[in-house]
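*Asks:* What follows is each chain in one-letter form.
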Amino acid sequence: MRISFNQKYDQSLSGILRAQDKLLTASAQLEKQTKILTPADDPSGSARVVALDQQITQTDQYQANSIGLKNSLNIEETVLTGIRKSMDQARLLTVSLGNGAYSQLDRSAIAKQLENIRSEVFDLMNQKDANGGYLFSGYQEQTQSYSLNVATGYYQFNGDEGQKSLQVSPSVALPSNDSGKNIFEDVNARYKPTAPVAGGGVSSAKIIVLDQSAFDQFYQKNYDGVTAANNDYQVQIAAGNTYEIFRNGASLTPAVTGSFAPGEPISFKGLTITANGAAPGTVDFSLPSPSKSNILNTLTDIINAVERDLQSGDVLAEKIADALVQIDSATLKVDGTVSAIGGRQNSIDNIFNSNEDLQLSNKQYRADIYEVDYASAITELTKQETALEAVQATFNKVTGTSLFDYIR
Amino acid sequence: MSDSLLKIGTSGVLASNGLLSTTSNNIANLNTKGYIRQSTEYDSAILGMGVGRGTTDRIVNEFTLRQVRRDTSNVGFTSQYLSEATRVDTLFANSANSVSTGVTDLFKQLQAANNDPANNSSRQLVLGSAQTLINKFNTLSNLVLEQRTYINQQLDTYVNEANSAVGTVALLNKEIASYGLGMNTPPPLDLLDKRDEALRKLSEMMEITTLDAKNGEKLVFLATGQSLILEQGKFNMLSAEGDPDINRKVVKLQLDFNSNVKMDVESTSLGGRIGGLLEFRAKMLEPTQNKLGQLALAFGDSFNTQNKLGMDANGQLGKDIFTFPTFNGLAVDRNTGGGQVTAILEPGRGIDTPPNDFVVTFTAGVPDQFTMEALDENGKAIAGSAVTTNIAGYPATFNTGNATGGFLYGLEVTLDNSLGAFADGDQFILKPLTSAAQNIQLATTRGEDLALAGPLRGDFNINNLGNGKFGDIVVTDTDPATSEFSAPGSLDGAPFEIRFIGGDQFEIRDSANTLVGTTAIMAGGQYNNILASAGLNNYGFDFSITGVPKAGDTFTLAYNDGGFKDNRNGLVLGQLQTMDTMRKTAVASATADNKYSFNEAYGAMVGFVGEKTSQIRIAAESSNSLLEQSTAWYESVSGVNLDEEAANLIRFQQSYAAAAKIISTSQTIFDTLLAAAR
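Protein sequence lines correspond, in order, to chains A and B. Residue 410, in this note's numbering, is where the first sequence stops; the numbers in between run on with no holes. Residue 1377, in this note's numbering, is where the second sequence stops; the numbers in between run on with no holes.
FYI, nobody ran anything at the bench for these hints, they're computed from the structure. Watch out, some of these pointers could steer you wrong.
No more than 20 Å apart at the CA atoms, straight line, and that leaves these computed lysine to aspartate or glutamate pairs for EDC-like [said to hold, decoys possible]:
# : chain 1 : residue 1 : chain 2 : residue 2
1 : B       : K933      : B       : E874
2 : A       : K294      : B       : D1158
3 : A       : K399      : B       : D1342
4 : B       : K900      : A       : E122
5 : A       : K223      : B       : D1158
6 : A       : K10       : B       : E874
Okay, the calculated beta carbon distance ranges per label pair [what the hints assert, rightly or not]:
#  : chain 1 : residue 1 : chain 2 : residue 2 : range
7  : B       : D944      : A       : A369      : 41 to 47 Å
8  : A       : Y104      : B       : I1161     : 47 to 53 Å
9  : B       : D944      : A       : S356      : 50 to 56 Å
10 : A       : A111      : B       : S1243     : 50 to 56 Å
11 : A       : S356      : B       : D1292     : 24 to 30 Å
12 : B       : L1373     : A       : T401      : 47 to 53 Å
13 : A       : N76       : B       : N1013     : 40 to 46 Å
14 : B       : A1180     : A       : G344      : 31 to 37 Å
15 : A       : S356      : B       : A1180     : 45 to 51 Å
16 : B       : N730      : A       : E373      : 45 to 51 Å
17 : B       : N1212     : A       : A342      : 33 to 39 Å
18 : A       : A369      : B       : N834      : 26 to 32 Å
What you are looking at is a predicted structure, and each value in this text was computed from that prediction instead of being measured. All C-beta atoms in this analysis are idealised placements derived from N, C-alpha and C, irrespective of residue type, glycine included.
Can you make the complete structure from the sequences, with help from the hints?
*Replies:* Below is the structure:
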């Protein structure tokens, strides 16, 4: 093919320009340490890198949340363990109050110790967390969890039952606190029937809870929150020294009957009903509405019984029974919460570890798409350098020859 | 005898002279752009009387010229497109501009604020990163808009260049035609060269086809078949105007015989640099601008909507965090009415807006109607995207609530005829996304306005016998007009008492102890959506009770006063990062997956830009190599080869010397004759 003068130069020049362009690209890749200088270099890879970057940053944040969550839960666990220890101590002391050999002075000394334990527990319940908010107040962290109502002499809970959750993985948010309402307030007071009212020929009556668990079962199944009258029970003693127990005027199914002897205890669902006097007569008692008592109020009750009311004997024994049942319930609640915390901490550990693995494979994937392989990049750079030198040498040769050099 | 020798010698010398001058002309014009080498040919004279007439011709093959012009147009197209596309491509390569990292940072700060909602400094950091994100949107959008301005300017420049080339060709046509095709007065060859060079320059600007007319003129047509240069030196001109959007210039053809008539030119088939600019703008710049705007709109709107469902650090119901501008419908030039159309983004419906522009057409009738359609990248309405609604009175405002089918692409459109009535067939172009990314702003800079807490709080009565507890409270609407909430932050009738009356039923009473509803029997012990079950559907929220309540148990639902550690709404805000909040296309079947999340949308945008640029890179390379080949063919026919000319110089020198020798021979003969006659 016939080559014109301009063609010679244009062709060689474009060769040099192309080689320079390739050299520049290779060195830019090394400088920026990436295969993808602009999205046009790898469109689908660029899109994938955008998605991976989001996942990596998100997972980093989840890991930070996990660590924060673990810290909060550790603080809560420590506080609850301290409260549990105090509760155990209180129980021992309360049991010892029942010792018949003690005098009022001895009992007073024990009551003072109980007061100390009460202030310890009060302090722990009002503990603040690392951010300066109250641990057990739910959402209302500026409000002190427990305070003493001077008018009633009892302690009240001032927060709410909210739980703040932290996101530790895309679908899992774990609570970082527990509300005092659930742990401390939601403790059932001891179930017992109201004081019996004797009527008719019965002169006096006494009811004792002999089998607390049986009575608890009966109470929970039969207490009627809708119709109050359904909670009134009546032991009707008929003339023939038989008795039948009625509920709101109706017989029970199956009917509860038996023979009656004055002074002989009648057992009914864990209760022991003792009636004195002659038939016919009635003994009325009812199931009171359920109430709750937190540990502070339980201790207050027993302390008041000893210090303020100077009770002893049977009356004190009732109070001690109340206190023991309630301390046990409170302890159960605290234990339950501690194990729930433990469960959460296990979850956090598992999620943290799996997030770490996920993070590793995400970063690996991203590096595969985005980062430059140094060996191949440096090889490419050397190759382009050599190519450029070759093209420049060729330019010299091709354009250097002309007939005019040889014509004189 | 000798006089014939003289004549022959003279003719030989003159011929060699001519040949030498042609060769010298070729050598001298080596670097002249568009020069086609010439060669002279001689006929021998009659009766053996030496060399006769000589004609100098250009050595050119018309096909090579056409090929070069065609490939020049292609290279102009792809190189212009590529240089613009590379600018947009580089924008997205720089991770400092990346909107995706801005969004991710915002959500990271949100998580940190969720961990400690009462701490105002972490809330402030969230707003700080929101401002950074907005700055990124603004920067990217400004850079893209700058490119639009640049395209307008480039279009002006290129159109002027094209027009001057057209003018030159038309002038040269006239001059060449005046010479005629006769043998006696051939047109000067440099005029022909100049005309071909002007045509080549023109073909760089746009694709042309040429036709040879009988009188030596060349008629030029655009690739669409519209004529550019006509016979007898008449020509049409191009003009760049903005219609209907003055910021978006299009190319029109201005007719020679009536300069007020402007014909539309199909921009997709223009070719050349002008075509490359227009194609880049339509296929890459505007879709990217729209996608960016859609991202800003959908993000801001969904964040606003979720923020309004929560409670901020002042105990009030949340408000907007981002604000958006209103935008005007642009009246098309051929509208005859004077009505105006304005629109805003309907709050809460950002998920319905696809990345398109829209056109609103007014149809007069009984009743008047307006139709809204989505436009594709060529400015044509997309089939199946029309939404038609009747107009009851003016000014008429339409949104999702009162449009036909309950769907208006997430926009609230107002038609106003106070400055002039609408005429039948009037059209208005709506471009909600173009300036959205540029004009989005923060509505507040105070960290307290971030609504991280939930607005409601449920408590169980401590004296309950059962263990029922409040489940999740789901808030769907806090607008005082349509829910039980009131501004600035309270719940009407709160605190509500929910009482379990046994038999799987609940009673709901308000603060005055009035019974407001009783639920149906919820068998199975699953007490979900209590309010819906009681027929109370307009409260704006609903909840469930978990566990086993006993008859007589009560629960309280109240406004979340003092609940500053609450982060329930903050957690839902955080979920926005991975929720599907954006619409992919304007028209899709009912079962298609037409939604995706922010990051997916951004990734799709980056992939789109990268893919288009990569395609054009390949097209540019191939068109460059095609041009090289056709140039090589053209040069091989019409290019000057210096060595060849050097050899010719020697040759014609020798023939000149030989012919001169004939003259001196004839002189010697004459002298001999004279000497013999003495």
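*Asks:* If a hint holds in the structure, say so; if it doesn't, say that too.
*Replies:* Hints and how they fare:
no., hint, verdict
1, B:K933 - B:E874, "holds (13 Å)"
2, A:K294 - B:D1158, "holds (15 Å)"
3, A:K399 - B:D1342, "holds (16 Å)"
4, B:K900 - A:E122, "violated (95 Å)"
5, A:K223 - B:D1158, "violated (24 Å)"
6, A:K10 - B:E874, "violated (35 Å)"
7, B:D944 - A:A369: 41 to 47 Å, "holds (45 Å)"
8, A:Y104 - B:I1161: 47 to 53 Å, "violated (34 Å)"
9, B:D944 - A:S356: 50 to 56 Å, "holds (53 Å)"
10, A:A111 - B:S1243: 50 to 56 Å, "holds (52 Å)"
11, A:S356 - B:D1292: 24 to 30 Å, "holds (28 Å)"
12, B:L1373 - A:T401: 47 to 53 Å, "violated (57 Å)"
13, A:N76 - B:N1013: 40 to 46 Å, "violated (33 Å)"
14, B:A1180 - A:G344: 31 to 37 Å, "violated (48 Å)"
15, A:S356 - B:A1180: 45 to 51 Å, "holds (46 Å)"
16, B:N730 - A:E373: 45 to 51 Å, "holds (49 Å)"
17, B:N1212 - A:A342: 33 to 39 Å, "holds (36 Å)"
18, A:A369 - B:N834: 26 to 32 Å, "holds (30 Å)"
Of the numbered hints listed earlier, those contradicted by the structure are 4, 5, 6, 8, 12, 13, 14.
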